[in-house]
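Be aware that the sequence shown starts at 703, since it is given in our numbering, and climbs by one per residue.
Any given hint might turn out to be false.
Simulated pairs of lysine to any residue, SDA-like, Cα-Cα distance not exceeding 20 angstroms [to be verified]:
{"id": "1", "residue 1": "Lys-837", "residue 2": "Asp-737"}
{"id": "2", "residue 1": "Lys-834", "residue 2": "Leu-753"}
{"id": "3", "residue 1": "Lys-837", "residue 2": "Leu-706"}
{"id": "4", "residue 1": "Lys-834", "residue 2": "Asp-709"}
{"id": "5", "residue 1": "Lys-837", "residue 2": "Asp-709"}
Simulated from the structure, these hints should not be mistaken for lab results.
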Amino acid sequence: MLALQRDASLTNNALSGLVNLSPSQCSRRRQALEDSGVIVAYRAELDADQLGFGIEALTRVTLATHNASTSDEFSGFLASLSEVVEAQAVTGDADYVLRLRVRSLDELADFIHRQLLPHAAVAQVKSDIVLKTVKPYIGLQPVASR
């Protein structure tokens, strides 16, 4: 699983050399992981900086009201925004944490002031600019039982 998370384009032949199984065993195991829902997607990871999206911000949003319809509507709104590359509903001081990718600080300010703050459900927005990613997400790393 770790090898596939690092490079989903691995062929069964290449994978077999990494995990010391035959290509046919790799194929069967991969298919079983797909069929059981453990593997849910294959995707290419793009370099946001090379594409011009050099500003990353972690933005906390607090809603003005808390009910199911507001949460559902706001979640749908977030899904429609290309600047929002990831969003979680969370516990704590904020209701949502968003990962944003934009081209400039001006674009970030415009996004916050023209998209997030005017939304009827939003009470407060706070953002932190990412200076450096210390540990990028490379997939889940199952730990053996102790």
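Taking the hints in turn, this is what the structure says about them:
{"no.": "1", "hint": "Lys-837 x Asp-737", "verdict": "30 angstroms, violated"}
{"no.": "2", "hint": "Lys-834 x Leu-753", "verdict": "17 angstroms, holds"}
{"no.": "3", "hint": "Lys-837 x Leu-706", "verdict": "19 angstroms, holds"}
{"no.": "4", "hint": "Lys-834 x Asp-709", "verdict": "23 angstroms, violated"}
{"no.": "5", "hint": "Lys-837 x Asp-709", "verdict": "17 angstroms, holds"}
Checked against the numbered hints given earlier, this structure breaks hints 1, 4; the rest are met.
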